[in-house]
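Q: Based on the provided sequences and hints, a complete structural model is requested.
Protein chains: 2
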Amino acid sequence: MHWEASATTGYADNPLDRRAELRGDAVAITALRDAAAQVLVFAGDKPVLKPGTPLDALFTLAESAELGSSADIFLGVDGAHACFAGATPVAEHDLKARGLLVIDLRSLAIQGAVPSPIVAMLGQAKSLVTWHATHPHCARCGAPSQITQGGWRRDCPACGAQHFPRTDPVAIMLVHRGDTCLLARKPMFAKGMVSCLAGFIEPGETIEDAVRRETFEEAGIRTGRVTYHASQPWPLPFGQLMIGCFAEALNDDIRLEAEEIEEGRWFTKEECRAMLEGRHPEGYFCPPTVAIANLLLRDWVEA
Amino acid sequence: MHWEASATTGYADNPLDRRAELRGDAVAITALRDAAAQVLVFAGDKPVLKPGTPLDALFTLAESAELGSSADIFLGVDGAHACFAGATPVAEHDLKARGLLVIDLRSLAIQGAVPSPIVAMLGQAKSLVTWHATHPHCARCGAPSQITQGGWRRDCPACGAQHFPRTDPVAIMLVHRGDTCLLARKPMFAKGMVSCLAGFIEPGETIEDAVRRETFEEAGIRTGRVTYHASQPWPLPFGQLMIGCFAEALNDDIRLEAEEIEEGRWFTKEECRAMLEGRHPEGYFCPPTVAIANLLLRDWVEA
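The listed protein sequences derive, respectively, from chains H and W.
Residue numbering for the first sequence is 0 to 302, as defined by numbering that gives the first Met the number 0.
Residue numbering for the second sequence is 0 to 302, as defined by numbering that gives the first Met the number 0.
Hints should not be assumed to be uniformly reliable.
List time: in silico EDC-like cross-link candidates among lysine to aspartate or glutamate, alpha-carbon distance up to 20 Å [claimed, not checked]: (1) W:Lys-268 x W:Asp-298; (2) W:Lys-185 x W:Asp-252; (3) W:Lys-185 x H:Glu-20; (4) W:Lys-185 x W:Glu-258; (5) H:Lys-185 x W:Glu-20; (6) W:Lys-268 x W:Glu-247.
To list a few chain W residues with every Cβ distance to chain H over 12 Å, as calculated [stated by the list, open to error]: (7) Thr-29; (8) Gln-37; (9) Gly-98; (10) Asp-103; (11) Thr-179; (12) Phe-188; (13) Glu-207; (14) Glu-213; (15) Pro-287; (16) Ala-302.
If you're looking for bench data, these hints aren't it; they were derived computationally from the structure.
The model shown is predicted, which means the values in this text are computed figures rather than measured ones.
Ideal placement from N, C-alpha and C gives every residue a C-beta, glycine not left out.
A: Printed below as a string of C-alpha cells:
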C-alpha cells in the first residue's frame, strides 16, 4: 500500500468493514449479535471504559445489556467480531462506582490511553450515538422519529421522512507566504496554542471557495492557489469531516476577525519546527498529532 | 489567477461575496434591502423566472413582495446589489398565468438558459430555501423552529437548540485501470448514460476511505491510490458537496451491487473520448459538463 496523508490523521485508522449492505437486514444483524460481538458504550457523549493498560473500550453484549444499553447501532465487522455501539442510561457516578471509567474521547485520543484503531472506532461510534441523542425528532414535522437501518437512519412514523446521520464538511487550511505561515488562536484554545484557520464549508461553495472565504473573513488575507492535502473524520462535537488544504497568501497584512480570533501572526518555518518539538522560545505550541492541523504544519515544514 | 479544476465545475462560479459578518446584524441587512437589491424566488424547489433570452432570475424586492415572498435569506453582495432568496406561496399555474416561468434548476443548468454565475447563485439559494422548507421543526425537541441570522440558522424557541444548513459531503470517483475506467449506470439514469461511482461520506471516515468503501460496495473493485481532483457544490436535492477523486483499481473483475447499479463495465480512453464527443458507436453517453463526473472523465482522458 502506498503512503496516504489522510491515513495518518487521528481517528482515521478504523479497522471495521462497515458491511453497509447488512444494515437493512434484521436477520443478519441479529445473527451477528453473538458472544464474540463487541460493544462501545457511551454515557452521554463520553466513552465508558474498563480499567487496564491500555484502557478497554470493548464490552460484550451481555455486559452492555447489564448497563442498560441496547447497542442498536451496527458499526461494522472486524474479523470474527461484529461491532455495535449504544448509550447507557446509567449515570456517570454510578458507572464509576461499578469500577468503570468515563473519559471524554478527546482526552483518550490525545493521551493515547487506548490504541489508535479503537480511537477511530470510538470516533465513528460517537458521531452516531451523539447524532441520535441530539436528533430524536423529525425536523420536517416534529414527531418523534425512530432508529432504523442498524442505526444509520431515523424514520418518521408520522410523515414518512427519512433522516440520515449528519457529516459537516470543514475546510482547515495552512495559509503560507514564502517561508512563513499564518497560525492563530481562538479564545477557547489553551494558553499558548495556535493552529490553522478553519471553518464550515457552506451550501453553494467548493472546498477551495470555502478556504478563500474563511481566510479572508478571519484574517483579511486573500489566497491564490489552494491545494488539498488530507482529510480527517472529527467526532467533536459529533460529525465533522476536516478537509485539510495548503493555501498561498497573496498579502501579508493580517486583519483579525476580533470575535473569533484572539491572536494571529506569521510564524517562520524555524518557529514551527520549534513548536512541533515543544521548544518555541515564547512558549507557543501547536495542536497534538491527533489533529490534522499538526499534520498540515509538519508536512509544510518538511516540504 | 492560476487555473483551478474546482472553479470549472457547474454551480461553482458564484460572484457573491457572502459577507457572513452581516448575517446577525439586522440593521445592516435592512439597509441592504434597497431598490438595487436582487431576489431569487422559488416555487417549491424550482426557480421562478421572467421570460427573455437569457431567462431572468433576478426580481426586485417589490416584485418579490408582490409574489408574497419574504426574501428573508441573505445570500451576499455583488457590487452594488445585495442578493436575497425566498419562496413564494403562489401556485405554479398562477405564476405561469402571470407570464412567469417555473423551471427546475437541473434543466436550467443543462440547457444554459441562464448565465452560469446565475446558475451558481440559484444553486446556493436552492440549498438554503429547500433546507428551510424541509426542516421547519427542531430535531431536538420537535417544536417549530424560527429562521434567523439572515437565513443561515434556525433557532428553537422551546429548547434553545441552534440548527445550521446541512451540506452532505459525497465522494465521486473515476476508478481507472491502465487505459480503461469504470463507468456505471443507476436505474434512474437516462437510457445510455453512464457515470462515475459516487456515495455519501459517512461519519468516521476520510474522503479516501469513502472512495474505497463505495467502490468496493458498488462494483467489487479494490482501489489503491486515491487522488483528490476537484469539488463542486451540488444543490440537488438540496445541499451536497461533491468531492471528485481519481482512484487506481487493484482488480478488474467487476461485481455490481444489483440494487443500486444496473450496468457497469470498463471503458477505454478512446470510448470515453467518443462519449464526450457524443459519438460512441453503441450510443453510450456521459453526464453533461455541469456535472463533475464530466470533468473527471475529460481530465482523465486528456491526462
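Q: Against each hint, give a clear statement of whether it holds in the structure.
A: Structure-based check of all given hints:
1. Between W:Lys-268 and W:Asp-298 the alpha-carbon distance is near 11 Å, which keeps this suggested pair within the 20 Å criterion.
2. With a C-alpha separation of about 19 Å, the suggested pair W:Lys-185 and W:Asp-252 falls inside the 20 Å cut-off, and the hint holds.
3. The straight-line distance between the Cα atoms of W:Lys-185 and H:Glu-20 is roughly 17 Å, inside the 20 Å bound, and the hint therefore holds.
4. The straight-line distance between the Cα atoms of W:Lys-185 and W:Glu-258 is roughly 9 Å, inside the 20 Å bound, and the hint therefore holds.
5. Restraint check for H:Lys-185 and W:Glu-20: satisfied, since their Cα atoms lie roughly 17 Å apart, inside the 20 Å limit.
6. Among the hinted pairs, W:Lys-268 with W:Glu-247 is consistent with the structure: their alpha-carbon atoms are about 15 Å apart, no more than 20 Å.
7. The Cβ of W:Thr-29 sits about 21 Å from the closest Cβ of chain H, beyond the 12 Å cut-off, so the non-interface label holds.
8. Taking the minimum C-beta to C-beta distance to chain H, about 16 Å, the non-interface status of W:Gln-37 holds against the 12 Å cut.
9. Look at W:Gly-98: its CB is around 29 Å from the nearest CB on chain H, clear of 12 Å, so calling it non-interface holds up.
10. Distance check for W:Asp-103 against chain H: the nearest CB is about 17 Å away, which clears 12 Å, and the non-interface claim stands.
11. Once the 12 Å rule is applied to beta carbons, W:Thr-179 is consistent with being away from chain H; the minimum gap is 21 Å.
12. Distance check for W:Phe-188 against chain H: the nearest CB is about 21 Å away, which clears 12 Å, and the non-interface claim stands.
13. The non-interface label for W:Glu-207 is inconsistent with chain H: the shortest C-beta to C-beta separation is roughly 5 Å, within 12 Å.
14. Listed as a non-interface residue, W:Glu-213 fails to keep its Cβ farther than 12 Å from every Cβ of chain H; the least gap is roughly 9 Å.
15. Distance check for W:Pro-287 against chain H: the nearest CB is about 18 Å away, which clears 12 Å, and the non-interface claim stands.
16. For W:Ala-302, the shortest C-beta to C-beta distance to chain H comes to about 17 Å, beyond the 12 Å cut-off, and the non-interface label holds.
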